[in-house]
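S.K.: Quick note, the sequences are listed as chains A and B, same order. To convert, note that position 185 of the first sequence is 185 in our numbering; the numbers rise steadily by one, no gaps. To convert, note that position 384 of the second sequence is 384 in our numbering; the numbers rise steadily by one, no gaps.
These are calculated hints, taken from the structure and not from any lab test.
Same chains, same label: a pair holds when it works inside one copy or across any pair of copies.
Think about it this way: if two alpha-carbon atoms lie no more than 20 Å apart in a straight line, the pair counts; the simulated EDC-like pairs of lysine to aspartate or glutamate are:
1) 98 to 423
2) 106 to 424
3) 197 to 148
4) 125 to 434
5) 197 to 122
Protein chains: 2
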Amino acid sequence: MYFIVMEVASQNFALKGDIAYSKTQTRLETFENSYLVCEKGKSAGVFPRLPEAFAGFPLIDYTGRLILPGLTDLHMHAPQFSFRSLGMDLELLSWLEKHAFPEEAKYRDAEYARLAYGLLTEHLKRSPNTRFCIFATIHVPATVILMDLLEESGLVSMVGKVNMDRNSPDILREADAETSAAATREWLTALADRNYKNTYPILTPRFIPSCSDDLMAALARIQKHCAAAHSPRALPLQSHLSENQREIAWVRELCPEAGCYGDAYARHDLFGAEIPTIMAHCVWSGEEELRLMRSRGVYIAHCPQSNLNISSGIAPVRRFLDMGIPTGLGSDVAGGVHTSIFRAMTDAIGVSKLRQCLVAKDEAPITFEEAFWMGTLGGGSFFGKAGLPGNAGATGSFDPGYEFDALVIDDADLAAPFSLSVEERLRRTVYLSDDRHIVAKYVRGNLI
Amino acid sequence: MYFIVMEVASQNFALKGDIAYSKTQTRLETFENSYLVCEKGKSAGVFPRLPEAFAGFPLIDYTGRLILPGLTDLHMHAPQFSFRSLGMDLELLSWLEKHAFPEEAKYRDAEYARLAYGLLTEHLKRSPNTRFCIFATIHVPATVILMDLLEESGLVSMVGKVNMDRNSPDILREADAETSAAATREWLTALADRNYKNTYPILTPRFIPSCSDDLMAALARIQKHCAAAHSPRALPLQSHLSENQREIAWVRELCPEAGCYGDAYARHDLFGAEIPTIMAHCVWSGEEELRLMRSRGVYIAHCPQSNLNISSGIAPVRRFLDMGIPTGLGSDVAGGVHTSIFRAMTDAIGVSKLRQCLVAKDEAPITFEEAFWMGTLGGGSFFGKAGLPGNAGATGSFDPGYEFDALVIDDADLAAPFSLSVEERLRRTVYLSDDRHIVAKYVRGNLI
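Can you make the complete structure from the sequences, with help from the hints?
M.R.: Following this line, the structure appears as structure tokens:
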């Protein structure tokens, strides 16, 4: 076993087993008893027989097991993991005030952060997710602790120190725009000499209601400074958009000049285009907002479980996909309770059926193939958008060139009294597996 | 350990731990570090100190663990367990035709039934459910095999040989009403000398579209015969009601004389009143149907996950509860994918929020307390309704007199970085636990 791990660390190896991945948004491909090759941490493709060129690679035999791409969680709140499943009786704005904000305030205490983020990181290592876009809190030391822990774990993540200077309780509000911006610069400076291999900063204004115009302007300056120093796509950005109708009405009051909620970000040059951007939710995004997102290549993190738990609604995912807006899945822990993106896939399918049934008869439900694509390549492609030196590339596919994130699943106890195809076994895995079924997890070619 | 199990088999014992159960539909009670007494297979209550009267009972120390009532699954299809999570891309009537019926037809082969039902029974033993109301298939031998396996498992169940003599494929249709009725009598006769302790027959016309008027009349005669021989409430009944709008339109065509779908059962005297009756779904039940159910004490099996998976809609559970219609939860495997009634609780809460958000603003979402009540006492009380000699009593509560079904949960790995109350631990268990967390399961006072 030690020998194998050593060899794997060289990032040149082949796995043998039953392989499945999304070729396109609507097409899943499966390969029985085939070979998946990892070369220098990237997929070299799937083959029915091991090609001569890779004959010298160590072969790890997972015959009879499923090999799938790692999953990407495009949206979660690390400090909220601690209270997941509690306080599920409120909608967004009251829930933030009563549960999320008081818990996040605790992370000013670095020891608490170390304890809580330690529990989270251990949990995420066992999950089927390999990549994460994560909100931390406003606190620089706690955010760096989280990033250190994630880096140690071998998982790949983008993590944001959160900015918020208004409409938040005293215990969780930065004094003013300049204080918040200074803390952000301090955070980015602290990261510079840490030489992380798998952990990246992402600019994280919480959402329009908690960020003043001055703060947004200051963040735009930080982004441009970073772009000038590194690359135009250097510092990506994540935030929330059109999650809840009360929230949207509030944004309309706060930014009457914006044509839509998304435009409130765009007016500060913090909405896609050159900046790789993820907006979580978009449950109530209208035509104008969706068109703006498409034209600026903004990613949507669809978080079906959270949208149900905190009574936000059902996002028009069929429209996102039809319009070609890049879309992945998010757990949105702790609006969502479950971290696994397998669960997000099945929730996405389920609520899309209710949407068709109850709200929008002309919007066909999300298919299994589409949900699987969103949870793998849909979200995993975001990692190919950013341009920091040494930044990660896209993952979520086994086509040649994608970074090698893979799960090996022992699905023997999900068997049926009849024989199942690889695709049927994949469906069962997505609906029914848990962390016990994951026998190996590779991230960027490393076994973690 | 052997000693303890022996003592437990006497059905007089006490458990010590952190206890939670529903006192009423809206009130959950929790008891830290307390004693739950089982006397002759029934709860004798919860006490802060062990009362003198029970001082001689063996005490099993579960300090630090949660003790909860067992859960009741009021609606599932045993033969569909084999294909759960497959074919989730259709709505009810097409799904029946393409997936459910062809699979059920296989159970004419007793060997297949033994294999498939063996897998199911092993799975159910590990689940948090202790009681079940189950549809088998039309096949008498396979139904008896299932009942034998369930009896061996120690679980408590009502199982129905299904009746269907029209609008079904040739491979899964009884030739005519008399053939179906004769098979039902044959099945009941076969059970008479089996002396099950925990397994009961329940009359199971599949649904109106697959049962002719003659068949319904014949089943009513069988029910009355049984009532005369035993007790008025002798042979309970289960079926489906108002799951899907196309189905309802079809019933309207088939029974134009019925005032509503429920009335199509009532016109044959197979809808509550003296007969303990469960109707699954009721997603689209109108005012007239709901009033009919209330007046006849018909139970509703609310199956939120199935209603989402096969695009049925969201049942008006707030109305069921406000009107006082007895309501429990069902997995509806394999319209539902997950057998655990913990999952049904959280699904019920979740979809009720979407219902308020999207369909019925005046219907408040189901609270955690209500969902927990539905999955325990709400459904468990049905077992106190039937009146076969030796039949089971109600369960789902630890008030004195309820049959002793209990789960012991080790929730240590669901801990938070802060201390949790018993109620918070219960919420976490309901949302996050799996079969690994169940360290003991008692059914009618027996450790299984």
